[in-house]
Amino acid sequence: MPASVRAARLFCLFLAALLLFNYPLLAVFSGPGSVLGIPVLYAYLFAAWLAVIALAALLVRRLA
Amino acid sequence: MLGPSVVAAAALAYLGLLFAVAWYADRRAAAGRSLIANPYIYSLSLAVYATAWTFYGSVGRAASDGVGFLPIYVGPTLMLLLWWFVVRRMIRIAKANRITSLADFIASRYGKSALLGGLVTVVAVIGILPYISLQLKAISGSFDLLMRYPEAVVSARPAPVPFLQDTAFQVALVLGLFTIAFGTRKLDAAERHEGMVAAVALESLVKLVAFLAVGVFVTYGMYDGFADVFARAAAQPGLRALMTPFGSGERYADWAWMTAMSMLAIVCLPRQFQVAVIENVDEKHIARAVWLFPLYMLLINLFVLPIAFGGLLHFGGTQVDADTFVLTLPLAHHREGLALLVFLGGLSAATGMVIVETIALSTMVCNDLVMPVLLRLTRYNFREREDFPGLLLDIRRGAIITILMLGYLYFVMAGDAFALVSTGLISFAAAAQFGPALLGGLYWKGATRAGALAGLTGGFAVWLYTSLLPAVAKSGWAATDLLARGPWGIEWLKPTQLFGLPVADPTTHAMLWSMIVNVGAYVGVSVFGRAASAGEQAQAARFVDVFGETAETLPLWRGAKSVESLQAVLARFLGPARAAELFDAYAASRGVAGAASLAADAELVHFAELQLAGAIGAASARTMVATVAQEAPQPLPIDQVMTIIDEASQVIAYSHELEGKQRELEAATAGLRAANERLQELDRLKDDFISTVTHELRTPLTSIRAFSEILHDNPGLAEAERHRFLGLVIKESERLTRLINQVLDLAKLESGLADWASEELDLREIAAEAANATSALFRSKGVALELAQDERVPAVLADRDRLMQVMLNLLSNAVKFCPDERGRVAVRVSARAGEVRVDVRDNGPGISPEHQKVIFDKFRQVGDTLTQKPAGSGLGLTICSQIIGHFGGRLWVQSERGRGSVFSFALPATATAPRAVEAA
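As given, the protein sequences belong to chains A and B, one line each in that order. Residue numbering for the first sequence follows our numbering, starting at 1 and increasing by one per position. Residue numbering for the second sequence follows our numbering, starting at 1001 and increasing by one per position.
Hints were generated in silico from the structure; no laboratory data involved. Don't be surprised by glycine CBs; every beta carbon is placed ideally from N, CA and C. Please note that a few of the clues may not be correct.
Unchecked claim - These stretches of chain B come out as covered by chain A in the derived footprint (C-beta under 8 Å, 3 or more residues): (1) 1072-1079; (2) 1126-1140; (3) 1295-1305.
Put together the whole structure using the sequences plus the hints.
Structure, rendered in structure tokens:
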């Protein structure tokens, strides 16, 4: 896979993350309630964060 | 067990450890075995982003705002995903141009503008002051807490003390001295600090470990895991609200603005630029940092919410500042070891920030503020001074102390009015002002120096008014009326609600207006203002096209006076030994014996400028190098070259067209020349003709005159003699008349003015008639004439008189050249394929081949005209040829010397049926 494709995928991840961490997705998860005892907003934010990091790690593996 | 001496000793021992690590890393770097050349150290050094703000302030923010602390880390996570695109570009540019700081970078991008570099420095220093005061406050606050242990942990500030006894002042002083010892021991031409990076990486580890330790203690020691903390908090209505903080829509906008601001801060803060770009060893390290650094931030934030809720649950109702929960919770549970670890973690977070920030700022102050001014004001005195490296280091040392003292001043003025995070956000908003010029300059070639100046000035002014002024005013240092009712009571100028904009969050408000002004002025002035100079455009191209090939090829210098003069300039700033070393290395890389044998060419000047730029910044380096080097003629940026090429291709198109025109012209000229030659030839022929005609006319005239004179002068001449002479006169006159008639006839024929009749003729009739007409002549000469003809001969279309003229001419010619008495002339009229042919054969002397070619020309007569009297005008055959040609036929001769000749002509037959013979 050429580097430009990997770079493009990384940029798409950025756009996806932009979506994940903003209105309206944020509003979807900002209601009351909890997941495994953790308020749903907190759980969502950290889970999304971890997912972005994991995907980034996958995408950049052979970027350099 | 905790006491002032223990805490102070631990703090000093920790700083000593940092110093040792830095020293070791510097030694390793000098030995060429870099300690920091790996992506993990690079990622950890980026974590200098997590300061006391993160370490203490996040919990404070979370305690009042729930997840409100998170955008500060989500923003950088987003930006790290763009790291490969943005920062890799910056690293390339910085390495190619030996950029030393953020101010240097921006100044270089916009034509190495000293003014812009100075402005960036001023904005950075003023903007960062709240941020530094935050660190001072955190360190001194935590120190005070430990001092007072085990008394109350309420962090209400004690009564004001003289500043010399103020912990914050002492912390500022110690940090300043430490940073000086740390970062300004020697002047590095590359302006990289491997020791500092190693120490910062270690500090990042320490603060992470400390924070995770206190997080685990609170979550699992004081409570029974995350779910337990949140469940207990949810039981309290006041705390439950923190779990769903996005009440109204406006909060999403605040969140988005804070995220955007943090995205900018992670590259625009001077210290972040320093570790991310300047200190980067290898751009490949970026790839792993893209996820390692966000992972670090996730980890250090993992326990923020449990600690905040734990603190709120534990201290509920008391006056404990939430910004101190990280320390006061272990203290409240008498975990002294943990508290000391937390203190060291906070110290790490704060010192890391202060060290890198002040080193970065001092470089900017020295290279982009003080040096340009000094070089301008006292250029001549400077030349005599020897110890420039020492001076540069002194300037930096002074800058470090000054910045820390200003930070302390801000702390005194406004430190108490805001929580840690709110204080830091003021600085973030200031740093974000660099965003448009910095990022725009990477991709947009059209961005100009004037645009950058306007954007930064406007944005900074708005920031001063909407962000810094309220912070200072709120602390009671300015009339509080200003905030409540606006300046001079003008409501719509209220700093926190400019133009009446109903935005509650001060950060959102300040960012909104400052970015509108900043981006608006930056883009507007760049687009509508005057075009950038060629030098500025060249720099823009170097930056924007850094991944292309054009970046390296534009020469900026023509050459220097001499190698020695260049080396002397370098020696002044880097020291003679280092300068000689650099020049020798350069000479070696060029395969030249030594620095002395180098040519003072453009490349050497560029090399020297880059080395100098590494020490004193791009703008100052250019000023210094310019004292001994000549600038190249204005280098053209690539797009200007493209414009020129465009124009050139148009010119080429034009010239192609021109070439075509020229070819046409040449063809026309050749045609004209040929026509002219033809005309000249015709002119010559006409002259020949006239002279020939004149000559031919004179001959009979001369005879006529001679005989007339004889008759006139001799009245007694015998009658017979007189008669003979008169006969000669008549004969010559007839000849003259005939000649003149023929000339006129020919002129008529040639000019096309002759009257031609056209009728169907039988050539046999013409031949017979002509034979009849000349029979007397034949008889007188004793020449026999035979007439032969085909039975069926088609008619021809011609003029009877003209054809008769031709026949008579041919017959009289034949009889003329036939020998008397033995002569024989045969005329034959025959029908050939589609034409009627007439042959007139004689048994005369014949015509040689060379004469055959010319006898149809005018006045050409066969035979020696000198010895033989011409027997005709010389125009007969020419006229015959013209007549036959006119009716579409041809006239030719076949002859052999001594065997007679045959004159023949052929005319095309008409379509009508051939007529039978009428008479012979």
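To see whether the hints hold, each was checked on the structure:
Requiring three or more residues with a Cβ within less than 8 Å of a Cβ of chain A, the coverage given for the region 1072-1079 of chain B holds, as 3 such residues are present. Remark: the region 1126-1140 of chain B is not confirmed as covered by chain A, as 0 of its residues place a Cβ nearer than 8 Å to a Cβ of that chain, below the required three. Taking a C-beta to C-beta cut-off of 8 Å, the region 1295-1305 of chain B contributes 4 residues in contact with chain A, enough for the three needed, and the coverage statement holds.
Figure legend: structure checked against the earlier numbered hints; the only hint not met is number 2.
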